[in-house]
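Here is what each chain is made of, one letter per residue.
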Amino acid sequence: AQSVTQLDSQVPVFEEAPVELRCNYSSSVSVYLFWYVQYPNQGLQLLLKYLSGSTLVKGINGFEAEFNKSQTSFHLRKPSVHISDTAEYFCAVSVLLRRFGAGTRLTVKP
Amino acid sequence: DVKVTQSSRYLVKRTGEKVFLECVQDMDHENMFWYRQDPGLGLRLIYFSYDVKMKEKGDIPEGYSVSREKKERFSLILESASTNQTSMYLCASSFFFGAIPGSGPEAFFGQGTRLTVV
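Chain order of the listed sequences is A and B. Those letters in the first sequence? Residues 318 to 427, per my numbering, in order. Those letters in the second sequence? Residues 28 to 145, per my numbering, in order.
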């Protein structure tokens, strides 16, 4: 069975600082990997996805993630965050069905 | 743009009531999903459907049922609402991909329905 672990439940950072949100997964077969963002009182919006090919994936809003098969990780990064990036971020793994991590609340402070 | 529309943003229901949550998508997706979202637990799959009248249980189906009479519409039913079903409910849809029912490369989400059972 597949599972997803988001290693940090909350990440506070200052504006313009870099950020990394960590995600590890477990699966015995090839996977699809996703990061979603959820703004307050809204549904989930896809940030980026890894299906195959290049292990460095670029998404919307300046985010990127790197698929590391040997470490079974898919960490999300942004070199300089804005106040508007404050939201909850979910990592998801899809083999047969999509499984989500518990979420990381990113708070960007001025 | 893909649009997934949930019929209500907020609902308040009484214990024991039968509750219907409706979801409609406009992209002709084969797969549709219902999740519930609770703090610290992320999203958990309740049920999914890969075709009209076809449904499969997810991880937490107890206390819920679903209906898919038309391709664009997927309903979640709480047969007898209880306070532990107070939650945010999210509907999603995706194209069918590969040979496995329910599989797909990407899911599109509705805005969510925050249900409170009192």
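Hints were generated in silico from the structure; no laboratory data involved. Some clues are possibly wrong.
[To be verified] Straight-line distance between alpha carbons at most 25 Å, and here's what the computed PhoX-like set of lysine-lysine pairs gives:
hint: 1; chain 1: A; residue 1: K375; chain 2: B; residue 2: K30
hint: 2; chain 1: B; residue 1: K97; chain 2: B; residue 2: K82
hint: 3; chain 1: B; residue 1: K97; chain 2: B; residue 2: K45
hint: 4; chain 1: A; residue 1: K366; chain 2: B; residue 2: K97
hint: 5; chain 1: A; residue 1: K375; chain 2: A; residue 2: K386
hint: 6; chain 1: B; residue 1: K98; chain 2: B; residue 2: K82
[As the list claims (entries may be wrong)] Not the full set, but computed from the structure, chain B residues with beta-carbon under 8 Å of chain A:
hint: 7; residue: G43
hint: 8; residue: L117
hint: 9; residue: E133
Ideal placement from N, C-alpha and C gives every residue a C-beta, glycine not left out.
Find the hints from earlier in the document that the structure breaks and name them by number, from lowest to highest. 4 and 7
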